[in-house]
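Fit chain to chain and form the complex, with the hints in mind.
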Amino acid sequence: MENLIEKLKNIFEIKDAVIQRPDLCFATAKKEQTISLITHLRDYEGFSHFVLLSVVDWIEDKQFQLTYFLNNPTQKYDVAIRCIIDREEATMTSAHHLWKQIATYQRELKEMYGIEFPGSPRLNESFILEGWDNIPPMRRDFDTKKYAEETFFPRERPATNDPAEYMKSKLYPDE
Amino acid sequence: MSFFKIETDRSKYPQRDAEGKMQIDLDSGKYVKLWQGPNHPGVTGNMSIELTLAGDEIVEAKTHVGYLHRGFEKLIERRLFIQGMQTSIRMCVAEPDSNEYVYCACVEELSGIEIPEMAKWIRTLILEMARLQALLRVVPGQGGTFALGVGVQWGVYMRELILDRFEELTGARIYHMFMTPGGVRGLLPEGFKKRMEENLKEIDRFIDRIDNLMYNNAVFKKRSIDVAVIPPSWIDKYGIVGPVARSAGFKRDVRKDYPYLAYDQLDFEPKVMNHSDIYNRSRTRWHDLITTVDLIRQIMAKMPEKGVFKAETPNVLHWQIPRGETYVRSEASRGEYGLYMVTDGSDKPRRINLRGPSYNNAIAVLEDLLVGANIADVAAIMVSLQTCPPEIER
Numbered sequence: 001m002e003n004l005i006e007k008l009k010n011i012f013e014i015k016d017a018v019i020q021r022p023d024l025c026f027a028t029a030k031k032e033q034t035i036s037l038i039t040h041l042r043d044y045e046g047f048s049h050f051v052l053l054s055v056v057d058w059i060e061d062k063q064f065q066l067t068y069f070l071n072n073p074t075q076k077y078d079v080a081i082r083c084i085i086d087r088e089e090a091t092m093t094s095a096h097h098l099w100k101q102i103a104t105y106q107r108e109l110k111e112m113y114g115i116e117f118p119g120s121p122r123l124n125e126s127f128i129l130e131g132w133d134n135i136p137p138m139r140r141d142f143d144t145k146k147y148a149e150e151t152f153f154p155r156e157r158p159a160t161n162d163p164a165e166y167m168k169s170k171l172y173p174d175e
Numbered sequence: 001m002s003f004f005k006i007e008t009d010r011s012k013y014p015q016r017d018a019e020g021k022m023q024i025d026l027d028s029g030k031y032v033k034l035w036q037g038p039n040h041p042g043v044t045g046n047m048s049i050e051l052t053l054a055g056d057e058i059v060e061a062k063t064h065v066g067y068l069h070r071g072f073e074k075l076i077e078r079r080l081f082i083q084g085m086q087t088s089i090r091m092c093v094a095e096p097d098s099n100e101y102v103y104c105a106c107v108e109e110l111s112g113i114e115i116p117e118m119a120k121w122i123r124t125l126i127l128e129m130a131r132l133q134a135l136l137r138v139v140p141g142q143g144g145t146f147a148l149g150v151g152v153q154w155g156v157y158m159r160e161l162i163l164d165r166f167e168e169l170t171g172a173r174i175y176h177m178f179m180t181p182g183g184v185r186g187l188l189p190e191g192f193k194k195r196m197e198e199n200l201k202e203i204d205r206f207i208d209r210i211d212n213l214m215y216n217n218a219v220f221k222k223r224s225i226d227v228a229v230i231p232p233s234w235i236d237k238y239g240i241v242g243p244v245a246r247s248a249g250f251k252r253d254v255r256k257d258y259p260y261l262a263y264d265q266l267d268f269e270p271k272v273m274n275h276s277d278i279y280n281r282s283r284t285r286w287h288d289l290i291t292t293v294d295l296i297r298q299i300m301a302k303m304p305e306k307g308v309f310k311a312e313t314p315n316v317l318h319w320q321i322p323r324g325e326t327y328v329r330s331e332a333s334r335g336e337y338g339l340y341m342v343t344d345g346s347d348k349p350r351r352i353n354l355r356g357p358s359y360n361n362a363i364a365v366l367e368d369l370l371v372g373a374n375i376a377d378v379a380a381i382m383v384s385l386q387t388c389p390p391e392i393e394r
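Protein chains in written order, with this note's numbering: chain A, 1 to 175; chain B, 1 to 394.
None of these hints come from the bench; they were simulated from the model. Please read these numbers as outputs of a predicted model, since none were measured by experiment. Heads up, none of these hints are tricks.
Here are the simulated lysine-lysine pairs, DSS-like style, with alpha carbons at most 25 Å apart:
(1) B/Lys74 / A/Lys145
(2) A/Lys76 / B/Lys271
(3) B/Lys74 / A/Lys62
(4) B/Lys256 / B/Lys302
(5) A/Lys146 / B/Lys348
Here are the in silico distance ranges between beta carbons for each label pair:
(6) B/Glu198 / A/Tyr44: 51 to 61 Å
(7) B/Glu117 / A/Ile135: 46 to 56 Å
(8) A/Ser36 / B/Glu305: 51 to 61 Å
Just so you know, even glycine gets a beta-carbon here, dropped at the ideal spot from N, CA and C.
Only chain B is shown next, with the shape it has when bound in the complex (with noise of 0.2 Å):
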């Protein structure tokens, strides 16, 4: 039994018209507009959604996003390459790594350099650690959005953990900028792997209680199966890729599709499910979690211990790249990553344009997601989509 019932007679309801488009009648007193954000807790960062409802049932939705735009990308476009780093990075908030791994792959590409084998193993480490710390936000926060708070805080503290080792290996907790083009910026400190591995184990137990906590609770469990289903023939239709793609039965990872820095030498699978609800979604990332744990622990088994760790590169401030374009995508925790990058010759890039999956699950998917879904489910359906409003408005 569904705690929340969705009305079967749809004659009362508004009917989309010949274009699709739905006939709401505001004036006739049937329907309430509701904006949800942007300063609600129920979003995922700063954008908005403007509801409208029959009751507790959302008839039409629009995503209206403009909160943050900070303008990265034409900035880039007035600064040297080098300098571009530090820009680029605050394009995501949640998991900036892997923009320093595709703006970094992309001044590589273009200027013939190949980066060292150290550096390969180093980078893998360090987009395996930001996908860990953005997957311990993301898991509980599901919960969350089912007043189920305690997964949340026992997340904060594990995220914090791996925020220690960053902070250990990079100097900073949130922006690292380890990775620098034609490398990584050192080594792994002196028992690093020694302070991660016992992270790790925490981290074990927290998945474990986390699996009891949320998938084995009679409430998510009721408020997640079968809600905002989104069908196989959504996936290529808009774009979705990664986990929710993954719990839609497609095998999409571009760790294994398209194998990068050192992935073609890690033993992993992504798991792959067969109905994208609500409930799978969560599971889904649930599942990259322990494979995330998995592949850090192969990764500091597997890695050389020393070795050249930056490979030569023109002076930073004279660095000019012939004319070119390349497009890079890495795989971050919510699916593909990608970075179009244009060169003029000059010393600055003529053009940078960041892919992220956000940009079509928080608009076109959300949209069309939203209809007939119920009031209170919205932000359960947007974390289940994993949004992340600064890779929109880049």
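The following block holds chain A by itself, in its conformation from the complex (with noise of 0.2 Å):
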């Protein structure tokens, strides 16, 4: 894995490496070097099998955190590549070329987080959402509980404990 890291560190500008696991590590690449870098994992060090891309969203930093985690089914272990891209203006290029499955993945992004990806095939259908005219819903700024009084009726509820302070009654009743 080392190795690896090693072997990337001269073709492309790679940060805050960290191997989580033997099988896993986390690189963070520059956002215009990203596809390329996956391009360059994919055809020439057998990370054939595309498992995964994720958003974390860092609000407080005013930034996206894309993953795209790799597989190496030969070797058996995984790369996941970080990229970060302004929140405010989220655009990133699309990969869909490399891996079928990454036009949903781009399509749920574009959905979910408000994330761009120009050239991503039905990128602006609806996926999961229909006539949403909110702010995308998975951004940390969404506050789920507020839309919801303010979208549907208010509605009788049985009366029900804080979980917080009913767990605490159950499993530390002496703290």
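As structure tokens, this is what we get:
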């Protein structure tokens, strides 16, 4: 794993490499080099299986972290490439040409986080939500409770316990 | 001879343009739009497929999901780590124990907790029991898509036997939550192994009967052999995993490739075939059924009788995990099932993201596999991919 990171460092600008487990490492690439890097990993390093494309909303830093998980089925280890993009103008180069399922991930991320992937097929077709006119709901600043209270009529609910208080009384009665 | 003849002269059918998009003029009167689902006995849960037909041949298919989106990933971002358990397991109804495992394993890895040996064995047993009950539904379910309902009825009964054992062990039939960050909630009850063995003997007989009922059945074979073939080149291109990949000749099994829990102490070999049509995909799962029954027997024979089953964990109400991220995978009955968890030093996860095999199978694979198929085969093709909509729209 260390060898691979060193090898990649000679070609790409990589930082914050973390070997999480012997079979999993994370590394951050520059935005403009990310797609070249994962293409290189696919074509030259045997990472033929694309596992997952995910995003983390670091709202306090005004950043999105895109994470591309790639798996090498022969060597049996994973590399996760992080890519930091600006949260206010969230746009990333599309990778749909590399693996078929990436178009679906990008369509979901457009809907749930508002990240643009220009050129990605069916990007603007609704994926899960239909007729959504609010901010993308998976963003940290979208308040599900407030939205539900404003959107749906108030309903009588049976009396409930505060989960934290209830658990505390059951699990740690002396605390 | 095939029951359904596919027209070989393609000149009358819509052609693909330079970008590979199908050119379909709905006003020409040659095509019919048909929605299969969300309320249709032939769809595997709450999803629908928008089909464009020329005669009874499919020329375009689009998967639509969104009928059961519950926002679990978003909800868990607002829950304590311990509270995330009961939400995370509901992301997959068919086999919730894989969710339990990957969620617990992520929390433990990021907290630096090592679980006791006893907990590893009990978790392995639970995961195999979960695989068994899922396969008892899907293996005869493949026959059900060809109106062979007898096997489905048998399978429902056999599955109930395993749910009885789950109820005995955990107190619940579907959502067990017997795993907990740090280990499991208890040991096996007195006499559990004996009762499980009695159930397994019944299931052995069921497996033999299913072999005769389905795989030696002329109608089943005619409807499934050489239908919806997935070429080997699709496996990596579409991210296909599990039994679908194994039926195409790819030996992909997380239990073997990335041994977790007690799998490295078990003796088994996943079945690999070399032609991924409906028949072989179903046959691979039938072989998985045999492997799983054998694994449960091995686990019960090899696991220790007693021992510590849960490691020390912090106070669950104040459990904070330092900033970090990880991805943990397991092998569900459908294939690689993983969870990406990001923590930020607080008492709640910053982000969790589930990776289920259906995400690829039900959209990218299914949409392309259905083109050229017959309308009568849609349900069978879906079941052969074992699509599970809840894990698409978490």
